[in-house]
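Peer 1: Residue numbers (the working numbering), protein chains in the order written: chain A, 11 to 86; chain B, 213 to 353.
Treat the hints as calculated values from the structure; they're not laboratory data. Virtual Cβ for every residue (Gly too), placed ideally from N, Cα, C. Worth double-checking, as some hints may not be accurate.
A few chain B residues that face chain A, going by a derived Cβ cut-off under 10 Å, partial list only [unchecked claim]:
| hint | residue |
| --- | --- |
| 1 | 252 |
| 2 | 281 |
| 3 | 284 |
| 4 | 285 |
| 5 | 286 |
| 6 | 322 |
| 7 | 324 |
| 8 | 325 |
| 9 | 328 |
| 10 | 335 |
| 11 | 336 |
| 12 | 339 |
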Amino acid sequence: MSLPKPVMRGLLGKRLRFHIPLAFAFALVAGGLIKYGVTEPRKRAYAEFYKNYDGVKEFNHMREAGVFQSVRPSGE
Amino acid sequence: MFRAVLGLTSSGLRCVAKARPSYSAPVAARCYSHGKAETDEEFDARWVTYFSKPDIDAWELKKGMNTLIGYDLVPEPKVLDSALRACRRLDDLASAIRILEAVKDKAGPHKDIYPYLIQELTPTLAELGISTPEQLGIDKL
């Protein structure tokens with residue numbers, strides 16, 4: 011029972027030719043998933059929040075809460 | 213492995229892409245746009261000749277083995293036979309056994325290569341009185 015001759019050349023090359031494009035593809039897919047799963051919803055959430063944001067109203071709200079040192083609530 | 217990846221320079225990549233149709237891609241030879249790439253048989257013959265030098269010295273043996281191990285291949289039995297005989301001429305049993313360890317490592321995940329090599333080299337190992345790492349029990353950690 012003698013063993014047949016296996017392939018002994020180009021083994022690393024074969025492995026890299028397969029795995030490096032795969033790694034590239036994985037990286038692109040992962041990037042795409044994060045972009046469209048995380049960053050785009052986040053950008054949309056911020057845009058929504060600031061679409062009708064009234065800075066002065068928020069300021070007065072905070073003023074009445076008494077958190078500023080430069081202005082006191084309108085009652086005092 | 214990273215060294216191999218870095219070795220895929222732009223010229224190397226071009227060469228690999230061009231060489232894809234033939235499965236035995238050029239191994240040690242540079243990819244020439246002119247001139248012929250060395251065949252596997254020429255490569256083996258060159259290395260058998262290298263190790264067959266009657267007055268090879270210890271440095272040349274080490275250098276040859278290190279260079280050979282750097283290639284993307286497991287050396288053919290006839291190349292290893294030549295190297296083992298060079299070890300015999302240099303009275304270097306340690307290097308002979310180390311060569312066997314090295315080719316087992318070169319095979320990596322391909323577990324069918326080393327048994328085949330030992331099968332092919334058994335006559336030589338018997339003739340030169342070289343024990344395999346397995347026989348010495350030094351293959352286990």
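Peer 1: Does the CB of residue 328 of chain B sit less than 10 Å away from some CB of chain A?
Peer 2: holds, 5 Å
Peer 1: Can we keep the residue 286 of chain B interface hint, with Cβ of chain A closer than 10 Å?
Peer 2: Status holds, d = 4 Å.
Peer 1: May I ask you to test the interface hint for residue 335 of chain B with respect to chain A, counting a Cβ-Cβ separation under 10 Å as satisfied?
Peer 2: With Cβ-Cβ at 13 Å, over 10 Å, it is violated.
Peer 1: Does the closest beta carbon of chain A sit nearer than 10 Å to the beta carbon of residue 325 of chain B?
Peer 2: holds, 5 Å
Peer 1: Would you check whether residue 336 of chain B satisfies its interface hint, that is, whether its CB is within less than 10 Å of any CB in chain A?
Peer 2: Hint violated; residue 336 of chain B Cβ to chain A Cβ min 16 Å, cut 10 Å.
Peer 1: When the nearest CB of chain A is found for residue 281 of chain B, is that gap smaller than 10 Å?
Peer 2: violated, 12 Å
Peer 1: Given residue 284 of chain B as an interface hint, is the shortest Cβ-Cβ distance to chain A below 10 Å?
Peer 2: holds, 5 Å
Peer 1: If you take the shortest Cβ to Cβ gap from residue 252 of chain B to chain A, is it below 10 Å?
Peer 2: holds, 7 Å
Peer 1: Once the shortest beta carbon distance from residue 324 of chain B to chain A is found, is it less than 10 Å?
Peer 2: This interface hint holds because 5 Å falls under the 10 Å limit.
Peer 1: Does the closest beta carbon of chain A sit nearer than 10 Å to the beta carbon of residue 285 of chain B?
Peer 2: holds, 4 Å
Peer 1: Was the hint right that residue 339 of chain B lines chain A, CB cutoff 10 Å?
Peer 2: violated, 19 Å
Peer 1: Does residue 322 of chain B pass the interface check with chain A, least Cβ-Cβ distance below 10 Å?
Peer 2: holds, 6 Å
In terms of the numbered hints stated before, the structure departs from hints 2, 10, 11, 12, listed from lowest to highest.
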